[in-house]
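Just so you know, the sequences run in chain order E and W. Just so we're aligned, residue 1 is where the first sequence starts under the numbering used here, counting upward by one. Just so we're aligned, residue 1 is where the second sequence starts under the numbering used here, counting upward by one.
Fair warning: there could be bad hints in the mix.
[Stated by the list, open to error] Below, computed lysine-lysine pairings styled on DSS-like, alpha-carbon distance capped at 25 Å:
id: 1; chain 1: W; residue 1: Lys31; chain 2: E; residue 2: Lys240
id: 2; chain 1: W; residue 1: Lys240; chain 2: E; residue 2: Lys31
id: 3; chain 1: E; residue 1: Lys125; chain 2: E; residue 2: Lys105
[What the hints assert, rightly or not] Label-pair restraints from in silico Cβ distances:
id: 4; chain 1: E; residue 1: Ile69; chain 2: W; residue 2: Asn103; range: 30 to 40 Å
id: 5; chain 1: E; residue 1: Ala272; chain 2: W; residue 2: Glu82; range: 31 to 41 Å
id: 6; chain 1: W; residue 1: Asn123; chain 2: E; residue 2: Glu97; range: 45 to 55 Å
id: 7; chain 1: W; residue 1: Gly93; chain 2: E; residue 2: Ala262; range: 31 to 41 Å
id: 8; chain 1: E; residue 1: Leu94; chain 2: W; residue 2: Asn103; range: 24 to 34 Å
Hints in this document: simulated from the structure, not taken from any laboratory. Quantities reported herein were computed from a predicted structural model and do not represent experimental measurements. By construction, the Cβ of each residue, glycine as well, lies at the ideal position given by its N, Cα and C atoms.
There are 2 protein chains.
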Amino acid sequence: MPNRYLSSLLMNYKGRKILIDCGEGTQVAMKIMKTGFKALDIICITHAHGDHLFGLPGLLSTLGNSGRIEPITIIGPSGIEEIINGLMVAVSGLPYEINIIENPKNYLSLDLLANSKQLRQVNEKDFSTENIMIEALELDHSLPCLGYNFYVFRRPKFSPEKATSNQVPKKIWQKLQTGEAVNYQNKMYEPYMVLGEKRKGIKLSYITDTRPLDTIAEFIKDSDLFICEGTYGDNNDLHKAIKNKHMTFSEAAELADKGKVAELLLTHFSPAINEPEEYKVNAESIFKNTIIGYDGFFKSLTFEEE
Amino acid sequence: MPNRYLSSLLMNYKGRKILIDCGEGTQVAMKIMKTGFKALDIICITHAHGDHLFGLPGLLSTLGNSGRIEPITIIGPSGIEEIINGLMVAVSGLPYEINIIENPKNYLSLDLLANSKQLRQVNEKDFSTENIMIEALELDHSLPCLGYNFYVFRRPKFSPEKATSNQVPKKIWQKLQTGEAVNYQNKMYEPYMVLGEKRKGIKLSYITDTRPLDTIAEFIKDSDLFICEGTYGDNNDLHKAIKNKHMTFSEAAELADKGKVAELLLTHFSPAINEPEEYKVNAESIFKNTIIGYDGFFKSLTFEEE
Numbered sequence: 001m002p003n004r005y006l007s008s009l010l011m012n013y014k015g016r017k018i019l020i021d022c023g024e025g026t027q028v029a030m031k032i033m034k035t036g037f038k039a040l041d042i043i044c045i046t047h048a049h050g051d052h053l054f055g056l057p058g059l060l061s062t063l064g065n066s067g068r069i070e071p072i073t074i075i076g077p078s079g080i081e082e083i084i085n086g087l088m089v090a091v092s093g094l095p096y097e098i099n100i101i102e103n104p105k106n107y108l109s110l111d112l113l114a115n116s117k118q119l120r121q122v123n124e125k126d127f128s129t130e131n132i133m134i135e136a137l138e139l140d141h142s143l144p145c146l147g148y149n150f151y152v153f154r155r156p157k158f159s160p161e162k163a164t165s166n167q168v169p170k171k172i173w174q175k176l177q178t179g180e181a182v183n184y185q186n187k188m189y190e191p192y193m194v195l196g197e198k199r200k201g202i203k204l205s206y207i208t209d210t211r212p213l214d215t216i217a218e219f220i221k222d223s224d225l226f227i228c229e230g231t232y233g234d235n236n237d238l239h240k241a242i243k244n245k246h247m248t249f250s251e252a253a254e255l256a257d258k259g260k261v262a263e264l265l266l267t268h269f270s271p272a273i274n275e276p277e278e279y280k281v282n283a284e285s286i287f288k289n290t291i292i293g294y295d296g297f298f299k300s301l302t303f304e305e306e
Numbered sequence: 001m002p003n004r005y006l007s008s009l010l011m012n013y014k015g016r017k018i019l020i021d022c023g024e025g026t027q028v029a030m031k032i033m034k035t036g037f038k039a040l041d042i043i044c045i046t047h048a049h050g051d052h053l054f055g056l057p058g059l060l061s062t063l064g065n066s067g068r069i070e071p072i073t074i075i076g077p078s079g080i081e082e083i084i085n086g087l088m089v090a091v092s093g094l095p096y097e098i099n100i101i102e103n104p105k106n107y108l109s110l111d112l113l114a115n116s117k118q119l120r121q122v123n124e125k126d127f128s129t130e131n132i133m134i135e136a137l138e139l140d141h142s143l144p145c146l147g148y149n150f151y152v153f154r155r156p157k158f159s160p161e162k163a164t165s166n167q168v169p170k171k172i173w174q175k176l177q178t179g180e181a182v183n184y185q186n187k188m189y190e191p192y193m194v195l196g197e198k199r200k201g202i203k204l205s206y207i208t209d210t211r212p213l214d215t216i217a218e219f220i221k222d223s224d225l226f227i228c229e230g231t232y233g234d235n236n237d238l239h240k241a242i243k244n245k246h247m248t249f250s251e252a253a254e255l256a257d258k259g260k261v262a263e264l265l266l267t268h269f270s271p272a273i274n275e276p277e278e279y280k281v282n283a284e285s286i287f288k289n290t291i292i293g294y295d296g297f298f299k300s301l302t303f304e305e306e
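Just need the whole structure built from these sequences, with the hints factored in.
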């Protein structure tokens, strides 16, 4: 829109990047924010409406001009592969491969700092190494739509007491500490032998476009940042939210409250809303820690100090 | 780009509209210019590079939301139909039809003010009624690419002397004058019987992306406005222009000079150029009447006063 870009999120984890949604103009917003393109490893698409998708051919072309040659992974709901293949007819000769994952049912685990940058489907959360895990949830919109959780796990602290009690030779402490199993003098040693208690990582949740659901409150549980659509600011527009399968600010705030998240960031405002801040009170009265998103909004999430 | 929209031209003829090229963000530029969408009858695409095309799915979706139900015509080079069909996989349920014309070899004539708004392929220029004619030329780029001429013809002036000498009954003068043949008292009367000499209309030429060609100088002959790519401002970038199949400002100005056009409007500047005005002298020293295009540039072309 003339005065606001379409909703999109770029996550930066130690220089590697994940993008969620890519409406027309997203690459321009990225240029303004000077995010760079080359380190973009994953694109998550919530659903196949144009305002979440039509920037993809342009972004992928620009990525091709950035010197990227590693494969990129695109995750989306059922049907996304056909749509992306259609959009890509006009983009010839990309210097990298595109892997498409439709409607993932398990967790997707990714060690973004490893060279392969390949996502593995895993069955449960893996807290043993510092990595990123992606989880998807089916939402309730006018066509197949996914919400996403992003977990950044934190490696447990090194415990010399545990290493000693497990009789681990000092020589391999450091290697085990980085999460690698070690065979030393014909005996296998596992990382848990030198690591202490689990530590809290970071959880970020991204929910758009949908009606509120009980499964969402469960999905976003204890998120550090819950990014949620707030298409309608005014409570009187509830009938529009119901008809068009969106949410009001109040409904998003109710989800934030039920999910006991740390912070709610509202985005995806109706073009009819010029000043979303005017409706902030409708969310705040239900969930105090609310931010109204704006172009170029930037936030750092860090591990808790100990 | 953050500081400049992609090159695109919207023509407005008595409220009906023709768009040439539609890169990412063109619909945003149209919103800023408050052009409206509903009256857009024709889109001409020069070629299938993203910066001329990737705004199409978004624009056509927006057009669908504008209440348009009349068919729209898209004209482009060989191969454009497959690419447009790909882009449109993500756009479902448009309330209007899309007619695609690939690489037209003849003139396309359109009476934009008639209800049908259908393009007819014709073999020669038709000066008898006030209408618009589109002519395409194959250019020399890295993939199939078309340049376009747009003619707005001007109906010849009514000549009472001619009507009298042709013995045309006064009762049908007005009807013949509007370009319609009339059967009156079992005799056919044609418009030429009441019309005087041809009058100069308007010719607009749009050439991007290409190397200069002799056929271009011929094609743009006597244009009132010659819109031309000037990808490189600096004459020292000629090797880049040759390699990437583009033109320098100087080369565009040489075409303008050879074609004896009234005015040259440069557009399609390389992202490496921040201030195209800095290179204006390179065009002006060859062709004086040069304009450097900018976001929102607007110009009216009118029939000559008599």
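Hint check:
1. Taken as a hint, the Lys31 of chain W and Lys240 of chain E pair is honoured in the structure, with Cα atoms around 24 Å apart against an allowance of 25 Å.
2. A threshold of 25 Å between alpha carbons decides the hint, and for Lys240 of chain W with Lys31 of chain E the separation of about 24 Å falls inside it, so the pair holds.
3. Our distance criterion of 25 Å between C-alpha atoms is met by Lys125 of chain E and Lys105 of chain E, whose separation comes to about 13 Å.
4. The hint said 30 to 40 Å for the Cβ distance between Ile69 of chain E and Asn103 of chain W, and at roughly 35 Å that hint holds.
5. Ala272 of chain E and Glu82 of chain W have their C-beta atoms about 37 Å apart, which keeps the hinted 31 to 41 Å range intact.
6. Between Asn123 of chain W and Glu97 of chain E the beta carbons are some 49 Å apart, a value that agrees with the proposed interval 45 to 55 Å.
7. A hinted range of 31 to 41 Å holds for the C-beta pair Gly93 of chain W and Ala262 of chain E, which are about 40 Å apart.
8. One distance hint, 24 to 34 Å for the beta-carbon pair Leu94 of chain E and Asn103 of chain W, holds here, with the actual separation near 26 Å.
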